[in-house]
Amino acid sequence: MIRIEDIRTQARDILETGEVRAVIGWRRGSRGMAAEPVLISQPEEAESLVWDPTCFHNLSLNLVQERKRLARKGMASNKPLALVAKGCDARSVTVLLQENHFRREDVYVLGVSCEGSGVLDERKLARVLDGLTPDSAAYDGDDYVFQTEEGEKRLPAREVMADRCLECRSAYPRLNNAVFGEEKTRGLEAPFAALSRFEQNRGAERWDFWKRQFERCIRCFACRSVCPLCYCEECVVDSIRLEVTPETTADEKANRIRWIERSASRSDNFGYHMTRALHLAGRCIDCAECERVCPVHIPLRLLNNKLEREAREKFGYEPGASVDLPALVSSFRDDDPNEFIR
Amino acid sequence: MELILEKGRLDDWIAALEGWQAFAPSQEDEVWGYRPTASPVRLDHPNTVQPPKNFAFPQREVFFRFEQVKGEPPRLTPVEPDAARNVVFGVRPCDGRGVVRMDTVFSDHVEDSFYLGRRKNLAYVGLACLKPASRHCFCKSVGGSPVSTEGLDVLMTDLGDCWLLASATPVGETLMQAAGALLTEPSAEQRMELARRHEEALARPQKSAVADVGNAATRLKDNFDSPLWEELGKACIACGICTYLCPTCHCFDLNDEVSGGKPLRGGRVRTWDSCQFPDFTMHSSGHNPRDSLGSRLRQRVSHKFRYFVENFGTPQCTGCGRCVSQCPVGIDIVNVVNRVCASV
Numbered sequence: 001m002i003r004i005e006d007i008r009t010q011a012r013d014i015l016e017t018g019e020v021r022a023v024i025g026w027r028r029g030s031r032g033m034a035a036e037p038v039l040i041s042q043p044e045e046a047e048s049l050v051w052d053p054t055c056f057h058n059l060s061l062n063l064v065q066e067r068k069r070l071a072r073k074g075m076a077s078n079k080p081l082a083l084v085a086k087g088c089d090a091r092s093v094t095v096l097l098q099e100n101h102f103r104r105e106d107v108y109v110l111g112v113s114c115e116g117s118g119v120l121d122e123r124k125l126a127r128v129l130d131g132l133t134p135d136s137a138a139y140d141g142d143d144y145v146f147q148t149e150e151g152e153k154r155l156p157a158r159e160v161m162a163d164r165c166l167e168c169r170s171a172y173p174r175l176n177n178a179v180f181g182e183e184k185t186r187g188l189e190a191p192f193a194a195l196s197r198f199e200q201n202r203g204a205e206r207w208d209f210w211k212r213q214f215e216r217c218i219r220c221f222a223c224r225s226v227c228p229l230c231y232c233e234e235c236v237v238d239s240i241r242l243e244v245t246p247e248t249t250a251d252e253k254a255n256r257i258r259w260i261e262r263s264a265s266r267s268d269n270f271g272y273h274m275t276r277a278l279h280l281a282g283r284c285i286d287c288a289e290c291e292r293v294c295p296v297h298i299p300l301r302l303l304n305n306k307l308e309r310e311a312r313e314k315f316g317y318e319p320g321a322s323v324d325l326p327a328l329v330s331s332f333r334d335d336d337p338n339e340f341i342r
Numbered sequence: 001m002e003l004i005l006e007k008g009r010l011d012d013w014i015a016a017l018e019g020w021q022a023f024a025p026s027q028e029d030e031v032w033g034y035r036p037t038a039s040p041v042r043l044d045h046p047n048t049v050q051p052p053k054n055f056a057f058p059q060r061e062v063f064f065r066f067e068q069v070k071g072e073p074p075r076l077t078p079v080e081p082d083a084a085r086n087v088v089f090g091v092r093p094c095d096g097r098g099v100v101r102m103d104t105v106f107s108d109h110v111e112d113s114f115y116l117g118r119r120k121n122l123a124y125v126g127l128a129c130l131k132p133a134s135r136h137c138f139c140k141s142v143g144g145s146p147v148s149t150e151g152l153d154v155l156m157t158d159l160g161d162c163w164l165l166a167s168a169t170p171v172g173e174t175l176m177q178a179a180g181a182l183l184t185e186p187s188a189e190q191r192m193e194l195a196r197r198h199e200e201a202l203a204r205p206q207k208s209a210v211a212d213v214g215n216a217a218t219r220l221k222d223n224f225d226s227p228l229w230e231e232l233g234k235a236c237i238a239c240g241i242c243t244y245l246c247p248t249c250h251c252f253d254l255n256d257e258v259s260g261g262k263p264l265r266g267g268r269v270r271t272w273d274s275c276q277f278p279d280f281t282m283h284s285s286g287h288n289p290r291d292s293l294g295s296r297l298r299q300r301v302s303h304k305f306r307y308f309v310e311n312f313g314t315p316q317c318t319g320c321g322r323c324v325s326q327c328p329v330g331i332d333i334v335n336v337v338n339r340v341c342a343s344v
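Going down the list, the protein sequences come from chains R and S.
With my numbering, the residue at position 33 of the first sequence is 33, and numbering never jumps.
With my numbering, the residue at position 331 of the second sequence is 331, and numbering never jumps.
Since the hints were derived computationally from the structure, they do not count as laboratory data.
The reader is advised that the hints may include incorrect statements.
To be verified - Once the Cα atoms are required to be at most 27 Å apart in a straight line, the calculated DSSO-like pairs of lysine-lysine come out as:
(1) Lys207/S with Lys124/R
(2) Lys207/S with Lys153/R
(3) Lys73/R with Lys221/S
(4) Lys124/R with Lys131/S
Quick caveat, the model's predicted, so the values are computed rather than measured.
Using the sequences and the accompanying hints, generate a full structural model.
Right under this line is the structure:
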């Protein structure tokens, strides 16, 4: 059982002592049920922090954004930034540390073990509530409780929980400076259950499915923007780093390499999503934020899960398990299970 | 022209629209969007994920094709906009008002032949919102109404067992005339029922409201340098959802896309672009005048509630609420406008 008062107290304390310069957490939003990410730097603001089934966001994204913001301004910080992190979010902090995105002492992890109670899938909820839009959501044992204009609605959490939470294997944030909640995981579904279900379709059906998905993509790039591990300064789809000098010719500008065009056509969308999936192989820790934010419901998690399972089966690799592990694609092991590489 | 259509005869009306390709909201993988009509058309949709903006302003449009044979001058082939006549059903009044704003943008000073070429062959059949189509819509506080006919050719109102169709333009009258005997004169009771339902829709409170839209332009100007912009934009992840789903956002990019070599060929292509993308204002020197999240949020909100007012005398935002409901991090344009306008 997680008490929000405990998280608030700890956040207030570390702001008061000056141990951290700010805390990234969640607060009530202005638009209804869902919590929203917030960065607080005053101890009294800690009172506004919340913890409920709408704390979906992986706040390690905000660490990356804050680092980029400071870098752009040419500012350095000598104090760590704190964030509230679920088990999954803490794993993406781990990957960022593995990749030397920042140093361990730059981050203060207020770990929250959700104890397997997970976060809400708003689309599943919409199906169940059929038009009713709740004003708030709360944990209560095995249930989620919603306040709606027609009064309180109580639903078994597993009916409206995000797939990734149903399949979660480690709800406990191993990387932490302080931790709330117990080391418990529910494992309501087997790992990769949604992927396995999907793979029961025949190849031609799967191809038709993905064609339909990529046809629908509008290239708003929310999947990329929301991903803490999509931190490249220049993405393969944005050709913005060509150095232009007075000597640069029109031909040089026109002929700069563009792997993927800006057009939201099916083939270019396919190129974009495949490239992104491959760049996340062995790195994605399945926070599934890309899938949650997609306005046209492309189930991107299936792509990332597929590669996550490959990494696990072929190389025994689990992204975000430990800061001390080398990154999958930049490591070599004498006991690699594959013969061809030895 | 006000006429009655029985609920079961909507598909017959659509079938009677000879020479028109009809579109209406339907679901694909639970995504509501405008697609070619398939019987039965129900018109019981919430807000579609995307507005009907694509019909006149598609996300990708080829302006001309080029081919370059070595040693010869380049050959350019113009592309004519698709001449198909499209009629879009189920358009909500907020999106109808969006159409008017897009028409203004693409015909003021410069007439955009691609936009206008599509637009002249396009008709919108609207659907009155007797209940809000989204939890986050706020049309009434930005000068609109759930029964507005602005930008629409016909407005349909659900009277229970039938629709009442009201034409708003000559094109709308043509569409209704095509229905022939399918449409009948409304009875006095049906006219009263229409008035009653419209009044009820107008009186129904919306959950969200821009506090003082009349003074927003001035207040936003006064508060251009407010630190609130950075504060409110802090959580923004710089994706394009708010702008791509907006019925009135119209920024675009032009690129030459090469589709093959020997001989080199391709096309000049217009694609949507978004002021929320960090590279939108990136100069080739590397300098970026809108380098921060707050400055980009300010641009989006000021365009809707200040610059458009200064240029065309009306707010650009029509209150559909899509940018609010779909924002990954909960940025709420109503909250932003109200907070900035209320600050000293």
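Now the hints, each set against the structure:
1. The straight-line distance between the Cα atoms of lysine 207/S and lysine 124/R is roughly 23 Å, inside the 27 Å bound, and the hint therefore holds.
2. Our distance criterion of 27 Å between C-alpha atoms is met by lysine 207/S and lysine 153/R, whose separation comes to about 20 Å.
3. Only pairs whose Cα atoms come within 27 Å are accepted, and lysine 73/R paired with lysine 221/S is accepted, the gap being roughly 26 Å.
4. Among the hinted pairs, lysine 124/R with lysine 131/S is consistent with the structure: their alpha-carbon atoms are about 23 Å apart, no more than 27 Å.
In summary, this structure violates none of the numbered hints.
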